[in-house]
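**Student:** Spelled out, the chains give:
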Amino acid sequence: MNAIASLTRATLTKDLRLEWRSKDAINSMLFFSLLVVVIFSFSFDPTAEESRQIAGGLVWVAFLFAAVVALNQTWAREMRNQVLDSYRVSPAPPNALFLAKVLGNFIFVTVLQALMTPLFIVFYNLRALGPAYQLPIVAALGTWALVVNGTFFAAMSLRTRSREIMLPLLLFPISIPALLAMVEATGAILTGDFSARFWIVLLAAYDVVFTIASLFLFGFVLQAE
Amino acid sequence: MVAGVGSFAPRAGETPAPARAVLSSVAMLPAVIVTDLVKQFGRFAALRGVSAEFAPGRLYAILGDNGAGKTTLLRALAGLIPPTRGKISILGTTNLRSVCGQLGYMAHPSLLYDEMSGMENLRYFARLYGVSNRGQNENDQRCADVIRAVKLDPSLTRPVGQYSQGMRQRMSLARALLNDPKILLLDEPFSNVDMRSAREMVSLLTGLRDSGKTIFVVTHQASLLEGAADEFVHMEAGQIVSRTAGLRPAEAR
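Quick note, the sequences are listed as chains A and B, same order. Reminder that position 63 of the first sequence reads as 63 in the working numbering, one-by-one numbering, no gaps. Reminder that position 229 of the second sequence reads as 1229 in the working numbering, one-by-one numbering, no gaps.
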């Protein structure tokens, strides 16, 4: 267990260092999210009530597509110079690599959310009428759901010819329950019309199931040709 | 022996090189046994029933034209591609995962992160092999030793992406040596390397062979290994077609 934790930390540190130097993922994600915020704000004139109704979907569309950019980058980096092979020939456990990648993507998307949330609030005149303390919980659980599945399916589509198309094709259908829960929970908190508790529990359960399944199956994905 | 790199010397309790040479000729179990190895990619058979035994403490040069199956054989030995049929036994086991810590693998691409310096790369790979369990200082010392062994400067801070091709090859060799492996699998280690550096690499490899390591070198530059390789293994169309004993300088005299 200690070995997995130590290797996860080493791989995560390495990934954060690589991202700090290249800024491949964060720049693309920021640019994409900014585009979504600005273009949607042009397309209608949001009153406070209208914003609350649609913001849940809008916010998660921006974060979902931005996350896909990061997810593609995370493995593309390992394919340059076939560095992934050096992990595959080492005695390091596959789970450590997977956990590090998930945590790295979680950090990237969380940083993006921290930067973009003030913009969403300003552009769409948002104010939560429900329990606002639940928003960070939904954000954390929703982001984890996206990055766990995304990291796993990005690894699966790694050796396919059109991996950038394959990832959304694999990821979006399986993420529908989580996406539904994220959008509904965010909408519930912003409008205050109904309780978000059911959707939060659903998200948490989804996270647990898919994290365990991905950890169990990742070794096969890593060692596949 | 490689000058100035203490960690490459036989460890306490290990048999010194000349004694080992005698032992290997008497009765040592093969380091690698390949039995009826077949590897198919779709309808193309890259390996067609390769069977061979390779003794420990020897340097094998694997030769052949492009598409002969050299790299596929090496990748199969490294455990990177599962055979379609047949068996590979390394250091007495067919469970390659259990011996991967004893293997050093150098591929045609560098297997290094371009954005990090050589030392940063090796520090990370040392963690993967558990080299760093000995402590940070010893870990750094080991990384610096292997970098010096391939005639590079451990204090170079510029990223590997800015290295010349030859420097990248040598750093890649350093990465393969990091875990002090018993078996080294090297794919085209001399490509894009100038003649002087290539000779230095050959000298390093012979030193490692003399310290008891089994080394497989896939190359198109057989002449570089003349006088160094113990055996030349010729491959053609996915099969080993001949094995020729190499002539060491001592024998040549």
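Please note: incorrect hints may appear among the correct ones.
To be verified - Chain B stretches covered by chain A per the calculated footprint, using a threshold of three residues with CB under 8 Å from any CB of chain A:
1) 1075 to 1082
2) 1111 to 1125
3) 1145 to 1158
As the list claims (entries may be wrong) - Pair ranges (Cβ atoms, derived):
4) A/21 - B/1140: 16 to 26 Å
5) B/1042 - A/127: 53 to 63 Å
6) B/1162 - A/6: 21 to 31 Å
7) A/114 - B/1033: 52 to 62 Å
8) B/1052 - A/114: 57 to 67 Å
9) B/1029 - A/224: 44 to 54 Å
10) A/34 - B/1049: 29 to 39 Å
11) A/201 - B/1033: 54 to 64 Å
12) A/205 - B/1036: 48 to 58 Å
Keep in mind the hints are simulated off the structure, nothing from the lab. Note that the Cβ used here is the ideal one computed from N, Cα and C, for glycine as well.
**Student:** Are the hints correct? Go through all of them and say.
**Tutor:** Going through the hints against the structure:
no.	hint	in the structure
1	1075 to 1082	holds (count 5)
2	1111 to 1125	holds (count 9)
3	1145 to 1158	violated (count 0)
4	A/21 - B/1140: 16 to 26 Å	holds, 21 Å
5	B/1042 - A/127: 53 to 63 Å	holds, 59 Å
6	B/1162 - A/6: 21 to 31 Å	holds, 30 Å
7	A/114 - B/1033: 52 to 62 Å	holds, 56 Å
8	B/1052 - A/114: 57 to 67 Å	holds, 58 Å
9	B/1029 - A/224: 44 to 54 Å	violated, 32 Å
10	A/34 - B/1049: 29 to 39 Å	violated, 59 Å
11	A/201 - B/1033: 54 to 64 Å	holds, 56 Å
12	A/205 - B/1036: 48 to 58 Å	holds, 49 Å
The structure fails hints 3, 9, 10 (numbered hints given earlier, in ascending order).
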